[in-house]
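Trainee: Sequences and hints are given; from them, build the entire structure.
Protein chains in written order, with UniProt numbering: chain Y, 1 to 141; chain B, 1 to 169.
What the hints contain is simulated information worked out from the structure, not anything from laboratory work.
In this text, all values refer to a predicted model and were calculated from it rather than measured experimentally.
For each residue, glycine too, the CB sits at the ideal point set by N, CA and C.
Be a bit skeptical, because a hint or two may be false.
[To be verified] Sample of chain B residues facing chain Y (criterion: CB under 7 Å; computed from the structure):
{"#": "1", "residue": "Arg26"}
{"#": "2", "residue": "Pro28"}
{"#": "3", "residue": "Leu47"}
{"#": "4", "residue": "Glu53"}
[What the hints assert, rightly or not] Think about it this way: if two alpha-carbon atoms lie no more than 25 Å apart in a straight line, the pair counts; the simulated SDA-like pairs of lysine to any residue are:
{"#": "5", "chain 1": "Y", "residue 1": "Lys25", "chain 2": "B", "residue 2": "Phe32"}
{"#": "6", "chain 1": "B", "residue 1": "Lys109", "chain 2": "Y", "residue 2": "Arg7"}
{"#": "7", "chain 1": "Y", "residue 1": "Lys25", "chain 2": "Y", "residue 2": "Thr136"}
{"#": "8", "chain 1": "Y", "residue 1": "Lys25", "chain 2": "B", "residue 2": "Thr103"}
{"#": "9", "chain 1": "B", "residue 1": "Lys109", "chain 2": "B", "residue 2": "Arg4"}
{"#": "10", "chain 1": "Y", "residue 1": "Lys25", "chain 2": "Y", "residue 2": "Arg7"}
{"#": "11", "chain 1": "B", "residue 1": "Lys109", "chain 2": "Y", "residue 2": "His43"}
{"#": "12", "chain 1": "B", "residue 1": "Lys109", "chain 2": "Y", "residue 2": "Arg86"}
{"#": "13", "chain 1": "B", "residue 1": "Lys13", "chain 2": "B", "residue 2": "Thr103"}
{"#": "14", "chain 1": "Y", "residue 1": "Lys25", "chain 2": "Y", "residue 2": "Ala134"}
{"#": "15", "chain 1": "B", "residue 1": "Lys109", "chain 2": "Y", "residue 2": "Val52"}
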Amino acid sequence: MTADKARIARQFIDAIPHARALDMKITEIGDGFARIEMPYAPHLVGDPQTGVIHGGAVSALMDTCGGAAVMSHPASPAATATIDLRIEYMRGATPGQTIVAEATCHHITRAVAFVRAVAMDDDRDRPVATATGAFTVEQTS
Amino acid sequence: MTRRPPEPVQVVKQRRDAALTALADRVPYIAFLGIRFDRRGDELTALLPFRDELIGNPFLPAIHGGVTAAFLEVTAIISLSYVWLWEDVESGALKLEDLEAGTLPRLPKTIDFTVDYLRSGLPRDAYARARVTRSGRRYASVQAEAWQDNRDRPMAQATAHFLMPRPDG
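Mentor: Here it is as structure tokens:
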């Protein structure tokens, strides 16, 4: 059941045009946890003087990863939408390095799923950004 | 008392537009999303033309929440920077040649960013405006709102805090 859910979530994420546009790849998913990687690319740069990736691209990654974590939760029906997402930027990601986001759906009710996420570059001990979010739990009739 | 005659409107507009171009047109990610800015005086409206690549839910279809967040963040940071540069653009302290060469002071850095999703993003063009609610020497607070067909039915709103660049660069 859970493996099945993970497969559906993976297929869903892989079918998202914008996730493909950002070259996102799911490297782990299941039981309310998701890890998604987004490789560095010149078109994601937000500050041309430093080559640092734009915060917006990190937001897109965090949002996708949070949604994937919710979808993979055993208590969640397949679909979800973001209610709100707060992102804290600790530092600029090092240019050239892949960004990895990890999201955990740490609590879920019949209506709402609560998510915490972190984004890292190669230096895993110093996160680039953290996020907290609430997502809808879509009840399928 | 002698007054400096007002500059010709074309000169003023040229410098204002050059400042906006220097801020927005050199950022690869803004071009990647296809965001453009419409300027009326010091008010900016961001425009996000719809493309299939922006879709986050192919079944509805709906714009990706991450795109909406990025759109609001881009709008907030460009609007804040524009307000921040405005006086120097108006006084001519920032020269047209420098603006056209893209020589700008450092940009504000995002400290945190909160986005509320109010309605799902339809497969249509989206618009956004930001308001700088506080601009201090070190920190600034900005609110932004995005909508599509109907201004009174926003698709998302955001609150953000920024760290302002130090005057010494």
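Trainee: Each hint should be assessed against the structure and marked as holding or not.
Mentor: Against the structure, the hints:
no., hint, result
1, Arg26, "holds (5 Å)"
2, Pro28, "holds (4 Å)"
3, Leu47, "violated (16 Å)"
4, Glu53, "holds (5 Å)"
5, Y:Lys25 - B:Phe32, "holds (19 Å)"
6, B:Lys109 - Y:Arg7, "violated (38 Å)"
7, Y:Lys25 - Y:Thr136, "holds (23 Å)"
8, Y:Lys25 - B:Thr103, "violated (37 Å)"
9, B:Lys109 - B:Arg4, "violated (37 Å)"
10, Y:Lys25 - Y:Arg7, "holds (14 Å)"
11, B:Lys109 - Y:His43, "holds (19 Å)"
12, B:Lys109 - Y:Arg86, "holds (16 Å)"
13, B:Lys13 - B:Thr103, "holds (18 Å)"
14, Y:Lys25 - Y:Ala134, "holds (23 Å)"
15, B:Lys109 - Y:Val52, "holds (11 Å)"
Of the numbered hints stated above, those contradicted by the structure are hints 3, 6, 8, 9, listed in ascending order.
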